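Residue numbers (full-length UniProt numbering): 1 to 77.
Derived from the structure by calculation, the hints contain no laboratory data. Worth double-checking, as some hints may not be accurate.
[As the list claims (entries may be wrong)] Here are the simulated DSSO-like cross-link-like pairs (lysine-lysine), alpha carbons at most 27 Å apart as the crow flies:
(1) Lys27 x Lys43
(2) Lys33 x Lys23
(3) Lys23 x Lys38
[As the list claims (entries may be wrong)] Across the chosen pairs, the derived CB separations fall in these ranges:
(4) Ala68 x Glu42: 35 to 41 Å
(5) Ala61 x Lys33: 41 to 47 Å
(6) Arg25 x Ala65: 58 to 64 Å
(7) Arg45 x Ser74: 28 to 34 Å
None of the values given here were measured: they were computed from a predicted structure. From the three backbone atoms N, C-alpha and C, an ideal C-beta is built for every residue, glycine too.
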Amino acid sequence: MYSTRYTFISDIDFAAFGRTRNKRREKKRREEKRREEKRREEKRREKKRREAAAAAAAAAAVAAAVAAVVATNSMVL
């Protein structure tokens with residue numbers, strides 16, 4: 001038994017305190033993992049968005065080049 005000024009705390013109480021502290025730690029760890037996973041997922045989405053935008057820009061450039069060639073060919077005729 002360990003006595004404080006006001007209460008008596010047994011070893012069992014210490015064990016329970018350790019368990020609750022471990023639970024809190026584990027909960028924080030899980031939350032941090034979840035936040036990290038969300039960050040990674042957001043980065044993946046952003047990368048996909050950028051790639052899609054780049055592909056669309058490339059397609060637009062190709063279409064413009066084709067239109068220019070068609071326009072010059074029609075001028076020649």
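For each hint, the structure was consulted:
Between Lys27 and Lys43, the direct Cα distance comes to roughly 24 Å. Compliance with the 27 Å bound is thereby established for this hinted pair. Distance check on the hinted pair: Lys33 and Lys23 sit about 15 Å apart at the alpha-carbon level, within 27 Å; holds. With a CA separation close to 22 Å, the supplied pair Lys23 and Lys38 stays within the 27 Å bound. Distance hint for Ala68 and Glu42: a CB-CB separation of about 39 Å, consistent with the stated range 35 to 41 Å.
Between Ala61 and Lys33 the Cβ separation comes to about 42 Å, which falls inside the hinted range of 41 to 47 Å. Taking the beta carbon of each, Arg25 and Ala65 are about 60 Å apart, inside 58 to 64 Å as hinted. About 43 Å separates the C-beta atoms of Arg45 and Ser74, a value inconsistent with the hinted range of 28 to 34 Å.
Of the hints listed earlier, the one the structure fails to meet is number 7.
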